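Number of protein chains: 2
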Amino acid sequence: MNKNNYCVIMAGGIGSRFWPMSRNAKPKQFIDILGSGQTLIQQTYNRFTDICPEENIFVVTSDSYVELVSKQLPKLKPNQILAEPQRRNTAPCIAYAAFKIASINPDANLIVAPSDHVITQERVFHDVILKGLKFTAEQNRLLTIGIQPSRPDTGYGYIQFMPEENSQANPILKVKTFTEKPNLEMAKSFLKSGDFLWNAGIFVWNAKSILNAIKEFQPDIYSLFDEGQQKYNTPEEDAFIQRIYALCTNISIDYGVMEKAKNVYTLSTDFGWSDLGTWKSLYEHLPHDAHENAILGDQVMIENTNNCIIHISKDKLALIQGMENFIIVDTENVLLICRKDDEQQVRNMVNEVKIKKGEKYT
Amino acid sequence: MNKNNYCVIMAGGIGSRFWPMSRNAKPKQFIDILGSGQTLIQQTYNRFTDICPEENIFVVTSDSYVELVSKQLPKLKPNQILAEPQRRNTAPCIAYAAFKIASINPDANLIVAPSDHVITQERVFHDVILKGLKFTAEQNRLLTIGIQPSRPDTGYGYIQFMPEENSQANPILKVKTFTEKPNLEMAKSFLKSGDFLWNAGIFVWNAKSILNAIKEFQPDIYSLFDEGQQKYNTPEEDAFIQRIYALCTNISIDYGVMEKAKNVYTLSTDFGWSDLGTWKSLYEHLPHDAHENAILGDQVMIENTNNCIIHISKDKLALIQGMENFIIVDTENVLLICRKDDEQQVRNMVNEVKIKKGEKYT
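From first to last, the protein sequence lines stand for chains Z and P. For the first sequence, numbering that gives the first Met the number 0 begins at 0 and goes up steadily by one. For the second sequence, numbering that gives the first Met the number 0 begins at 0 and goes up steadily by one.
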């Protein structure tokens with residue numbers, strides 16, 4: 000295994016889409032949302048153990064989730080868990096990790112990946128990532144993984160590549176533009192053109208390249224972290240991060256760096272990826288019974304019930320009759336019952352909960 | 000208040016219709032199923048406090064509910080709670096109460112009433128019961144309260160009275176026959192004939208009259224309880240009942256005595272009565288919101304939800320969206336979601352629960 004390969008898992012999200020399954024105190028990445036026996040962050044970690052040495056895997060998370068991370072990934076040493084004192088989106092998170100890892104190994108070649116996505120074809124993923132690492136190891140290139148789109152999904156960002164370069168022999172393509180979540184019409188035209196990929200938010204680059212790009216396009220963030228050169232991986236690191244983190248611009252790496260840089264490439268692939276950003280996408284990734292229900296729970300009895308997502312705590316008995324196309328989630332102190340097709344209405348109710356009911360239920 | 004007036008509240012039922020709201024460990028009569036601030040047995044007790052002296056109110060219940068009764072009705076002295084060691088239907092229960100009360104006061108005039116019915120017009124009830132007590136005080140007559148039927152309900156038993164005697168001036172009529180739950184066609188013809196009343200299972204008689212009738216029509220039960228003449232209201236009563244109760248025939252007072260006796264009358268009335276025997280009848284007695292939902296629970300948020308019964312534990316937050324005509328009951332370890340119109344299908348599922356899941360959930 001190449002000792003220069005490093006992995007950064009971003010695990011600071013609060014997963015509010017899957018409330019009440021996902022809670023502030025234990026968001027989506029820390030739960031076994033697929034009922035596979037592993038939480039999403041455990042699946043993510045395991046995907047990298049034959050790409051990087053274990054000591055080269057780092058997790059960036061909110062300081063309130065450090066304990067959860069260390070419990071779910073017991074092989075991580077304290078120095079491998081980076082605690083963010085505030086949520087500042089992905090640019091500061093990636094800058095912090097890149098500075099810290101570069102101070103251990105200036106030749107580090109990084110994969111940066113979210114902790115809460117699902118990837119069904121792990122062997123394809125493995126090969127793609129190794130190909131990406133090879134592409135960035137010695138060169139000043141920023142690589143983002145692009146997923147061949149199978150439908151005009153309006154929930155994803157899109158990457159447009161330079162069309163002349165598209166060929167089976169060369170899946171690594173120069174990026175032309177990034178596009179935020181499009182409307183349906185636009186998404187359909189993207190698919191038709193054949194020049195667009197889904198932006199998976201998985202990046203590959205060497206530490207020098209990303210630090211150069213941050214220095215060029217987010218100089219304020221760069222200089223804040225640059226001040227700490229002597230402090231990374233020392234007992235002073237924590238206090239330093241505590242001091243500077245709140246001062247960082249709140250900006251994503253896509254918007255703050257990738258859309259501006261000229262050396263950006265995408266590796267076009269398909270490894271059964273989903274960001275599990277909607278109940279519908281979660282439903283698609285869960286195993287279904289004969290009535291197309293996705294059921295998590297030990298004691299769920301159904302009758303005349305079809306196309307539902309049902310998530311019931313262990314030990315709780317549920318009798319569900321006459322339901323069609325519903326989401327049913329029961330946790331210790333919250334019950335959610337809503338139509339699968341009315342996600343937006345549900346999101347509004349959840350926002351109302353946050354405002355009116357407070358921390359206990361969120 | 001007439002010191003010969005006594006009341007016997009029957010509270011041995013297990014209320015399985017309203018599972019999981021009603022549980023073996025705490026059946027329907029012991030819960031505030033209407034959200035009124037009082038349990039059904041408390042409402043029943045309070046209905047009698049201006050008819051009988053408090054010391055003349057007795058409760059017959061399963062020995063496993065004695066503690067619940069005494070907690071919910073703290074004015075009852077231990078001697079006023081009759082514990083049944085086994086379930087033996089209403090004839091043994093009524094025989095026990097009649098023997099015990101007759102040994103305190105041979106001139107006792109009794110009302111016998113279930114603990115889990117709802118009566119909305121309490122002043123009418125009060126007048127009707129006093130009229131009934133007057134009718135039975137000095138005479139060998141058995142009186143059963145008949146409710147003027149408002150619809151061809153197939154869930155109730157019916158009383159046919161002698162038609163020639165029906166008049167506004169005389170609401171107490173001689174009974175011709177009792178009929179068990181009829182089919183819909185029969186129920187419709189009952190209503191059309193005008194000679195039928197609903198059998199409310201509320202009885203009025205003096206102790207001597209009912210004991211005579213039990214002696215005549217259920218001599219085995221009579222002789223078992225008659226053996227204990229010297230033991231009622233003494234420290235020996237409990238052991239005596241423990242010994243004989245299992246030997247009693249399992250039979251209802253309607254089938255075992257009332258259908259056979261010749262001195263049976265019915266008092267035709269209407270005081271807003273329901274036996275709360277179905278979810279539908281419970282729904283009708285609960286207050287409704289603007290969308291015709293009957294909601295019990297402190298933290299229930301609904302959206303686009305109509306005609307539902309929703310019962311959620313205190314402190315639990317429920318978000319319910321897109322539901323129409325459903326029963327939703329959430330308790331600590333059971334969740335039930337089912338269509339209001341499919342009670343039978345639900346009952347089958349509940350039976351399956353009882354067989355497969357055992358005590359914990361029933």
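If you're looking for bench data, these hints aren't it; they were derived computationally from the structure. Any given hint could be a false lead.
[To be verified] Straight-line distance between alpha carbons at most 30 Å, and here's what the computed DSSO-like set of lysine-lysine pairs gives:
#1 2(P) / 315(Z)
#2 315(Z) / 353(P)
#3 313(P) / 359(Z)
#4 230(P) / 313(Z)
#5 25(Z) / 315(P)
#6 313(Z) / 313(P)
#7 339(Z) / 180(Z)
#8 214(P) / 315(Z)
#9 279(P) / 315(Z)
#10 230(P) / 315(Z)
#11 25(Z) / 359(P)
#12 25(P) / 70(Z)
#13 359(Z) / 355(P)
#14 353(Z) / 359(P)
#15 70(Z) / 2(P)
#16 279(P) / 339(Z)
#17 339(Z) / 261(P)
#18 315(P) / 356(Z)
#19 315(Z) / 70(P)
#20 355(P) / 315(Z)
#21 355(Z) / 315(Z)
#22 279(Z) / 315(P)
#23 25(P) / 313(Z)
#24 279(Z) / 339(P)
#25 313(Z) / 2(P)
#26 359(Z) / 25(P)
#27 2(P) / 359(P)
#28 279(P) / 25(Z)
#29 313(P) / 339(Z)
[Stated by the list, open to error] Now the stretches of chain P that chain Z is said to cover, found in silico as 3 or more residues with beta-carbon under 8 Å:
#30 183–195
#31 218–230
[What the hints assert, rightly or not] The following residues of chain Z were derived to be distant from chain P, with all beta-carbon distances above 10 Å:
#32 237
#33 271
#34 334
#35 344
Treat the numbers as computed from the prediction; the structure is a model and nothing was measured. Backbone N, C-alpha and C fix where the C-beta goes; we use that ideal spot for every residue, glycine too.
Quiz item: Any hints this thing doesn't respect? Which numbers, in order?
Solution: Numbers 1, 4, 8, 10, 12, 13, 14, 15, 17, 25, 27, 28, 30, 31, 34 and 35, in rising order.
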